[in-house]
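Given these sequences and hints, build the entire structure.
Residue-level listing of the chains:
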Amino acid sequence: MFNNLFSVIIEHFRSPRIFLLGVIFGFGLCVIFGMKLAHDGYYGAFERVQGPYQIDNHFLLSASQISKVIRSGCDTENVLVLIGGSSIMNGVGQPIRYLWSKKLKENLGDGYCVYNLAGPAGALNGFASTTMDILGAEYKEVFLVSDMSEGVVHYPPDGVMSQKHYFWDAYYKNMLSTDLMNYVSEKKALFQGNRKKLSESARNDLEKIELSMLLDGLFYYNDLWTYIDYNYFTSYYTQNAGAWQWTPRKIWPDYDFEVDFEVLKSLTHYTQPVDSEAFKATLSKYSNLSAYYDDSSGGEEVSSRYLSKLARQIEDNYLTRVSSNIILAYIGVSPYYFDHMAEDVQKGYEDIYKSKAELFESYGYSVVRPRFEAEDFIDPFHLNTLGGWKLADEVADRILTLDND
Amino acid sequence: MIFTTFWFLVFMFGFLGLYYLAGYFAVKIRLRMLLIAVASVAFYHHFTGDAGILLIVTLGCLTYFAGRIKNSILINLVIFCVALSLVFYKYTLFIFSSLAELFPALSSIPASEWSPVVAPLAISFFVFEFIHYLVDVKDGNKPISSPLEFLIFASFFPTLVAGPIKRFEHFIPSLKHGVANAKLISLDTQVGFLRVIVGFCKKFVSDMLTLYVAGTVPIFASYALIDRWLIFAAIAFKIYLDFSAYSDMAIGFSRMMGVKIQENFNWPYLARNIKEFWRRWHISLSSWIRDYLYIKMGGNRVSPLRHGFNLILVFVICGLWHGAAWNYVLWGAYHGVGLVFHQYFETFILNLKGKSFVLDFKQRNRKFSSFLGAINWGVSWVITMVFVWAGWLLFFYPVDQSISMFKALFHV
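Quick mapping for you: the protein sequence lines, in order, are chains A and B.
Residue 290 in the numbering used here is what sits at position 290 of the first sequence, and the numbering runs on without skipping anything.
To convert, count from 1 in the second sequence and add 1000; that's the numbering used here.
No wet-lab data here; the hints were simulated from the structure.
These numbers were taken from a predicted model, which means no experiment stands behind them.
Ideal placement from N, C-alpha and C gives every residue a C-beta, glycine not left out.
There's no promise every hint is true.
[Claimed, not checked] Stretches of chain B that chain A covers, calculated by requiring three or more beta carbons in the stretch to come under 8 angstroms of a beta carbon on chain A: (1) 1089 to 1100; (2) 1182 to 1188.
[Unchecked claim] The calculated label-pair distances, taken between Cβ atoms and stated as ranges, are: (3) A:Ser185 <-> B:Ile1403: 56 to 62 angstroms; (4) B:Glu1101 <-> A:Arg195: 38 to 44 angstroms; (5) B:Leu1230 <-> A:Asp403: 55 to 61 angstroms; (6) A:Gly28 <-> B:Trp1377: 45 to 51 angstroms; (7) A:Glu106 <-> B:Ala1224: 43 to 49 angstroms; (8) B:Phe1309 <-> A:Asn231: 57 to 63 angstroms; (9) B:Pro1110 <-> A:Lys309: 53 to 59 angstroms; (10) B:Leu1230 <-> A:Ser185: 49 to 55 angstroms; (11) B:Ile1403 <-> A:Arg14: 49 to 55 angstroms; (12) A:Glu200 <-> B:Ser1115: 16 to 22 angstroms.
Shown next as structure tokens:
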């Protein structure tokens, strides 16, 4: 029946020449529309980028759109503060109303714009660092704030897998600085070498991202599709979308519920019983420090091999060239867990933090370490509003100091 | 899905460009044949690597030479080898783990160390095509003489990964016609392109349904009854749209090259009985099973009991073809039993229709009997769809989960 129906339609439209012209014309129109969208802005303002867009739900954030949102919301006379890093910096566990980056903006006052571009499992390199490069020359000053969790530094400039497309989007649309473009060609051999160490599927994913963004640089389909997805219809089903699945992303609610501040405070203390299996499992996960210590030192000193490897990674990271404008926040594990660790493990954590912080500072980065209480965490590593506000205070002080210097 | 990767789109665009360009040369037929062969090998190598290529080349060479020599014993031997390779690559681990559950002594044999963990891409498809080729040659059909044509038959990239399973008697003339006549501005290109677009649209909807199903099935029982039926339908449509999208794209890409490929689906969810369903669903596989298993086992010329047994057996094999796991076996057996039941029921109804009191009743109550006919149409369709869609539960989920989901559809 389908084939008959199909044949009937085709038989009535027996004009291959007109059809081919129609295909070319239609495709061309889509490309022009995509280019226009990339040029105009269609993203709305946001408190944190992961809120309305939910990049982990198949949304390829567009570098041109984020830059547009920032340009339209922040005058170039202001100091731009971009927040990168993981879900901790994104503020998972903090309702929008009490989000730490909002408090940071309040603390910094007029003359500063804050944009939270941190995403789940993000790292120092990612949306924020790429945006820093795109907008670096336009603003009076740009600061990048990220967390110093394990694994944040040893990424190539395109960052973690979920954020790589953003870098290549900017790369193939010539939005990056010449300095960064040159760095990418200089370090090509290094990136290729690192790529060989990846699993086959990760390598395939990486090639897929690069190829798709190369094509997008020519045809602009991503902007066309995300425009539809954002404004009219989301093809991605998720429980987070609200009442009707497939609703446009612009009306998706933020994933942290809005609650009254008093209620929020009563919810903040992490109350998992210390004798529970989950607690013990998490604790044991954070008690294994063998990767950082030399056996020969009897567990007394942080391994020089680990530190020299880290130093090499910092050296290789493009961001080290602008390290004086980067603030790394050490969050660590919740004191609720830390207090239950064995003494030698506690000492280990302190040693590692000190060694890492010294190393980063020696390369010109700024490191902040707010003093957190158990009540500041929503789980072993994510801060709640109280913790977020402490972080905001510390980071704001450091930015103001650096800016005044 | 390979057809929706950026790599494939670039590959296909480049290939078609060269293919149409080759049409301007005097030796276009030879050139296009070579182009298809090289593209097919490059395509398969990209997705499987050296090991996959080695297997298809080895089995292909054996099949080609056995067909050329046309010796029955040799052909039988090669059919055995080809079938054995499918069993080895796809089912060794499954057979050993199942036997180890029955005979715990066998669990000491480390089958996972020497048996292949992943079967080479498309092995189920090309093995069935090779068997078809050998059986038909043995039955007296003229074998393919040109090695290049055989290479293209064995590795034709649009149909290699997910069918339709080709028949060489139909494919080779169509291929020859295609390479001789394909043009960029032609009805073939237009029809093929539209067919690819239809496939992409189906795949898009199917992916949406896949996410919907993945998000809702774990909490199936918590939904209202109407939503459970919606999820039930979504499961059925996601597999139909996904699989038929593959076929549409394969048929469409081939047609853009001027090559007509056999249809694989014909509105299967309009079937009014299970037999009709299998005439409309994955037609290239069901016709393969009919021609090379069912009929070879005696078809309907055997005793009713043996006929029933044969039907169940071929559908168990059909289930296993889809994957090496017990749920596929069960799904196949489920359809086999359904077909046996339908067979007996159909015979009973035909007998009943021939009875004089039924004929008298129909003659005297014409309006009422056409009303009954319409009711019969609707009821048959509903029963068939519930049967087929419930089968998808067995296909995708463990037995206990399938049963509890099915019960939940009726508030049980």
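Cross-check of the supplied hints:
Look at the stretch 1089 to 1100 of chain B against chain A: 0 of its residues bring a Cβ nearer than 8 angstroms to a Cβ of that chain, fewer than three, so the hint is violated. Counting residues of the stretch 1182 to 1188 of chain B whose beta carbon lies closer than 8 angstroms to any beta carbon of chain A gives 4, which meets the minimum of three for the stated coverage. For the pair Ser185 (chain A) and Ile1403 (chain B), the supplied restraint of 56 to 62 angstroms holds, since their beta-carbon distance comes to about 60 angstroms. Look at Glu1101 (chain B) against Arg195 (chain A): about 42 angstroms separates their beta carbons, and that is inside 38 to 44 angstroms.
Between Leu1230 (chain B) and Asp403 (chain A), the C-beta spacing of about 56 angstroms keeps the proposed range 55 to 61 angstroms intact. With their beta carbons about 48 angstroms apart, Gly28 (chain A) and Trp1377 (chain B) fall inside the hinted range of 45 to 51 angstroms. Evaluation of the 43 to 49 angstroms hint for Glu106 (chain A) and Ala1224 (chain B) yields a pass: the beta carbon distance comes to about 45 angstroms. Separated by about 59 angstroms at the C-beta atoms, Phe1309 (chain B) and Asn231 (chain A) satisfy the suggested range of 57 to 63 angstroms.
Evaluation of the 53 to 59 angstroms hint for Pro1110 (chain B) and Lys309 (chain A) yields a failure: the beta carbon distance comes to about 37 angstroms. Roughly 53 angstroms separates the CB atoms of Leu1230 (chain B) and Ser185 (chain A), a value that falls within the hinted 49 to 55 angstroms. Checked against the hint of 49 to 55 angstroms, the pair Ile1403 (chain B) and Arg14 (chain A) passes, with Cβ atoms roughly 52 angstroms apart. Our hint of 16 to 22 angstroms for Glu200 (chain A) and Ser1115 (chain B) holds, since their Cβ atoms are close to 21 angstroms apart.
When the structure is compared with the earlier hints, violations turn up for hints 1, 9 and for no others.
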